[in-house]
Amino acid sequence: MKMSAVVSDTIGPFPSTIGEAQAAVSDSVRRAQAGDVDAFELLYRENAGRIYALCLRLMAGDAPDATELMQDVFIKAWRRLETFRGDCAFGSWLHRLAVNTMLENARGDRRRTARVLPMEDPTRVETTARSTGIELKMDMEDAIASLPKGARLAFVLHDVEGYQHQEIAEQLGVSVGTIKAQLHRARRLLRERLER
Amino acid sequence: MTHEVIRHLLDDYVSGDLSEEARGPVADHIVGCDICRSEVESLKAVIARAADLPKSIEPPADAWQGIRGAIERDKVAVASRGQRAQSRWSREYMMAAAIVLAAVLSSAGTALYMNTRTERDESRAVAATPAANETSATLAAFTIEENNYLRNVAVLQDMLDQQEASLAPETVAQLKSSLRTIDEAILEARNALARDPANKTLIEMLSGTYRQKVDLLRRTAEMTRGS
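One line per chain: the protein sequences are W and H, in this order.
Counting from 1, one number per residue, gives the positions in the first sequence under the working numbering.
Counting from 1, one number per residue, gives the positions in the second sequence under the working numbering.
It is worth saying that the hints were derived from the structure and are not from the lab.
Misleading hints may appear alongside valid ones.
To be verified - DSSO-like, lysine-lysine: derived pairs with alpha carbons at most 27 Å apart: (1) H:K44 - W:K149; (2) W:K149 - W:K180; (3) W:K180 - H:K55.
Said to hold, decoys possible - Which bits of chain W does chain H cover? Going by a derived footprint, with three or more residues having C-beta under 8 Å, they are: (4) 38-44; (5) 68-76.
All C-beta atoms in this analysis are idealised placements derived from N, C-alpha and C, irrespective of residue type, glycine included.
Hey, can you work out the whole structure from these sequences and the hints?
In structure tokens form, the structure reads like this:
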């Protein structure tokens with residue numbers, strides 16, 4: 001089996017069920033678009049687990065931050081429901097909204113902290129991990145959470161969520177080369193940490 | 001392709017992002033290169049572990065309540081937005097007029113007092129003859145009243161700070177400018193009172209200026225809420 005087939009079959013965003021999911025939620029979406037909060041709650045119940053998992057990984061395993069991000073995502077989704085035209089599965093739309101919301105929040109945080117905190121140092125996590133002197137074998141979630149932000153984003157979106165380099169680059173506003181470099185770095189850091 | 005070039009292609013190789021043209025030579029190299037083969041296996045293991053991660057994780061049970069609360073607040077805001085939009089221009093106009101009027105009254109009152117101070121001092125010389133205990137009772141009452149004004153001002157100011165985003169920028173600028181004028185009037189009267197604590201006229205003027213400030217803030221806050 002070709003690797004490309006393996007990758008796309010196993011980790012693609014909402015693989016092979018997009019059509020079904022779309023059909024299943026379309027009635028709820030229509031009712032929610034008409035202002036029915038109960039219908040929106042159904043959409044929440046169907047998608048919250050997946051969006052929360054994404055938020056948790058994007059927020060480096062911080063549960064309160066992930067919960068807040070997920071809530072922001074659903075509140076934004078409610079406010080922007082009328083812009084959802086069904087061109088993709090509702091879950092995919094939410095997914096994209098989650099990544100965008102996280103990036104917007106990060107930009108806001110960066111503006112707020114720029115004056116008091118230094119810019120992210122890509123070696124910070126590695127240095128911190130080494131300086132503890134404790135070499136514990138990490139589980140996968142911890143290892144992902146320990147990645148520098150850029151590498152974590154690239155890895156979560158590409159290897160966990162199944163987005164293509166081009167899609168990630170567009171969403172993050174960087175070049176495909178940058179995403180590839182971050183992914184390369186993330187995989188090697190993960191390999192080191194998981195094999196310790 | 002050399003070993004070094006191929007090593008840089010291994011990520012794309014395991015991701016399936018290499019063209020068929022490039023994929024062949026890389027695959028051939030891996031067969032004969034222990035280093036690259038080992039690296040490919042490690043990368044595949046990482047990718048496989050990523051693919052095995054749970055796609056769904058149950059969020060905290062009360063997360064929906066927070067979302068629902070925000071949605072309900074949105075619905076209330078949307079319902080009142082229509083009414084607010086309808087009367088926005090007239091309210092903004094009224095608010096601006098009220099702000100200017102309050103500022104003018106405050107500064108004019110203080111200026112009037114300061115300009116005619118000599119005249120009032122003479123009157124006060126006559127009026128200040130009541131017993132000293134009456135003066136201290138008046139001051140004590142005013143101090144209590146002043147504290148109440150200051151507390152009210154603080155609460156209203158907090159409320160307005162939170163609602164500032166819903167006001168037109170020019171209204172906010174005018175409000176701030178008027179508040180500055182009123183504050184200057186208060187400061188001037190307060191300094192005068194410190195020099196002349198028995199002056200009832202000053203106390204009344206200061207009370208009046210505080211009332212104007214509280215009234216201005218309250219009306220602005222009410223208009224901002226769209227009531």
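Tested hints:
1. Between K44 of chain H and K149 of chain W, the direct Cα distance comes to roughly 22 Å. Compliance with the 27 Å bound is thereby established for this hinted pair.
2. As the CA atoms of K149 of chain W and K180 of chain W are separated by approximately 14 Å, the hinted pair is consistent with the 27 Å bound.
3. The hinted pair formed by K180 of chain W and K55 of chain H meets the criterion: a straight-line CA distance of about 23 Å does not exceed 27 Å.
4. Judged by the Cβ-Cβ criterion of 8 Å, the segment 38-44 of chain W is covered by chain H as claimed, because 3 of its residues qualify and three suffice.
5. Counting residues of the segment 68-76 of chain W whose beta-carbon sits less than 8 Å from any beta-carbon of chain H gives 4, enough to reach three: the coverage restraint holds.
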